[in-house]
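Put together the whole structure using the sequences plus the hints.
Chain by chain, the residues:
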Amino acid sequence: MNIEKLYRASSCEDALKTLKEDPKNVIVGGGTWLKLTGREIKTAILLDDLSLDTISTSDDVITIGAMTPLHKIEQQDELRTMYDGLFDKTLKQVMGVGLRNMATIGGTIAGRYGFSDIITSLLAMDARVVFYQKGEMQLETFLKTRGKLDDLLISVKIPRREGRGFFKKVATTQLDFAQLNLAITKSNEATYIVIGSRPGIAQNASKAARFVVEQKHLDDSVIKVATDIALNEVTLSSNNKASSSYRERLARTYIERGLKAVFNDES
Amino acid sequence: MKVKTKLNNKPVVFDIEPGEYLLDTLRKHPVTSVKRGCDAASCGVCTVLINNEPMLSCSLLTARTEGKEITTVEGIQDAIRTFYDYFGDEGADQCGFCNPALALTVYAMKHELTNPTLEEVREYLVGNLCRCSGYEAQYRAIYKYLGDQS
Numbered sequence: 000m001n002i003e004k005l006y007r008a009s010s011c012e013d014a015l016k017t018l019k020e021d022p023k024n025v026i027v028g029g030g031t032w033l034k035l036t037g038r039e040i041k042t043a044i045l046l047d048d049l050s051l052d053t054i055s056t057s058d059d060v061i062t063i064g065a066m067t068p069l070h071k072i073e074q075q076d077e078l079r080t081m082y083d084g085l086f087d088k089t090l091k092q093v094m095g096v097g098l099r100n101m102a103t104i105g106g107t108i109a110g111r112y113g114f115s116d117i118i119t120s121l122l123a124m125d126a127r128v129v130f131y132q133k134g135e136m137q138l139e140t141f142l143k144t145r146g147k148l149d150d151l152l153i154s155v156k157i158p159r160r161e162g163r164g165f166f167k168k169v170a171t172t173q174l175d176f177a178q179l180n181l182a183i184t185k186s187n188e189a190t191y192i193v194i195g196s197r198p199g200i201a202q203n204a205s206k207a208a209r210f211v212v213e214q215k216h217l218d219d220s221v222i223k224v225a226t227d228i229a230l231n232e233v234t235l236s237s238n239n240k241a242s243s244s245y246r247e248r249l250a251r252t253y254i255e256r257g258l259k260a261v262f263n264d265e266s
Numbered sequence: 000m001k002v003k004t005k006l007n008n009k010p011v012v013f014d015i016e017p018g019e020y021l022l023d024t025l026r027k028h029p030v031t032s033v034k035r036g037c038d039a040a041s042c043g044v045c046t047v048l049i050n051n052e053p054m055l056s057c058s059l060l061t062a063r064t065e066g067k068e069i070t071t072v073e074g075i076q077d078a079i080r081t082f083y084d085y086f087g088d089e090g091a092d093q094c095g096f097c098n099p100a101l102a103l104t105v106y107a108m109k110h111e112l113t114n115p116t117l118e119e120v121r122e123y124l125v126g127n128l129c130r131c132s133g134y135e136a137q138y139r140a141i142y143k144y145l146g147d148q149s
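Here the protein sequences line up with chains A and B, keeping their order. Numbered as in numbering that gives the first Met the number 0, the first sequence ends at 266 without a single skipped number. Numbered as in numbering that gives the first Met the number 0, the second sequence ends at 149 without a single skipped number.
Heads up, some of the hints might be wrong.
[As the list claims (entries may be wrong)] In silico EDC-like pairs for lysine to aspartate or glutamate, Cα to Cα no more than 16 Å straight-line:
{"no.": "1", "chain 1": "B", "residue 1": "K67", "chain 2": "A", "residue 2": "D47"}
{"no.": "2", "chain 1": "A", "residue 1": "K88", "chain 2": "B", "residue 2": "E118"}
{"no.": "3", "chain 1": "B", "residue 1": "K1", "chain 2": "A", "residue 2": "E3"}
{"no.": "4", "chain 1": "B", "residue 1": "K34", "chain 2": "B", "residue 2": "E73"}
{"no.": "5", "chain 1": "A", "residue 1": "K34", "chain 2": "B", "residue 2": "D38"}
{"no.": "6", "chain 1": "A", "residue 1": "K88", "chain 2": "B", "residue 2": "E122"}
Derived from the structure by calculation, the hints contain no laboratory data.
Put into structure tokens, the structure is as follows:
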């Protein structure tokens, strides 16, 4: 990797203008992934001076600035306990504290990484993302976009809801990428079943979640049908971490455990 | 380019390349207690404290330390002297390559967590790999040290 020039942006507009000046210009979030990409960078744009590293709370939403380090998010009381501590469990399984003091929530989302555990949980919490130019949108909508990001991610918004949650990351070691990750949430407003590290980017099994909500009781036969629906709408593939058949076994096991945990209080 | 920062409480100006990482800057300085392990943000032996928070110097652009305080193990000698006695008592010390980074992370943990459980200690230190010890003696030493210090 080679960086020709570093530029400390003075405003969001300045950062975006500089980004668009050359295809080889990049925005640096936490920078933890930058070195491993091996890419040639003309101008690395730093957002360190833009005060995008704060967490604020309104009546219905928690807003996390895009440059907020993951470890700082772990220290926010409400996020630590929301959905049975779903997000805290997710964050704590991302490498060690040293990395989480650097890696930012915005960098994680903007990269649209297939291996991301955090994106899986954010989808299950119905998160929205706010861009400087395009404004606010569902995280799920952003994840469907392709190509180089030509906008600046400002913040992530998580609706404040009370509910149950389940998160599971399966990996060969704690410091490895997931072979599969899974997040399930249930609140008065919505139910989500999200499967990630498929190895593609995390995806909502929305038909399966809808089916579960429509049932009066959650027994083994309902769980079996829900899992079949989920695996029909979410594609699992093979890579060097796991085969598609192994991923399917994992998904079946943990969708069952997750649904029982959030619906039957067997956490 | 020039970067003004503080290293172990002393003002310092680094003359760096734009894409230079802090690990390289420090070792050139030369602060050789900061080790190069995986060089890919995984093993933790390059850990330093930036404004008292542990970070991985192999993946931190030096330019981002402008105006901040960098602490290496040389800067916390008084604080860790007692800590190393606990390591000796438990036989936790082997090749020592990971010790400076581990000491810095324990130092940060001691200031961040109040009366942590053994599970919380293990969780906090998960990013600091040791290829010799098997960790158990280290955890015993650290847990006893934290308990006696509280």
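Exercise. Failing hints, ascending?
Worked result: none
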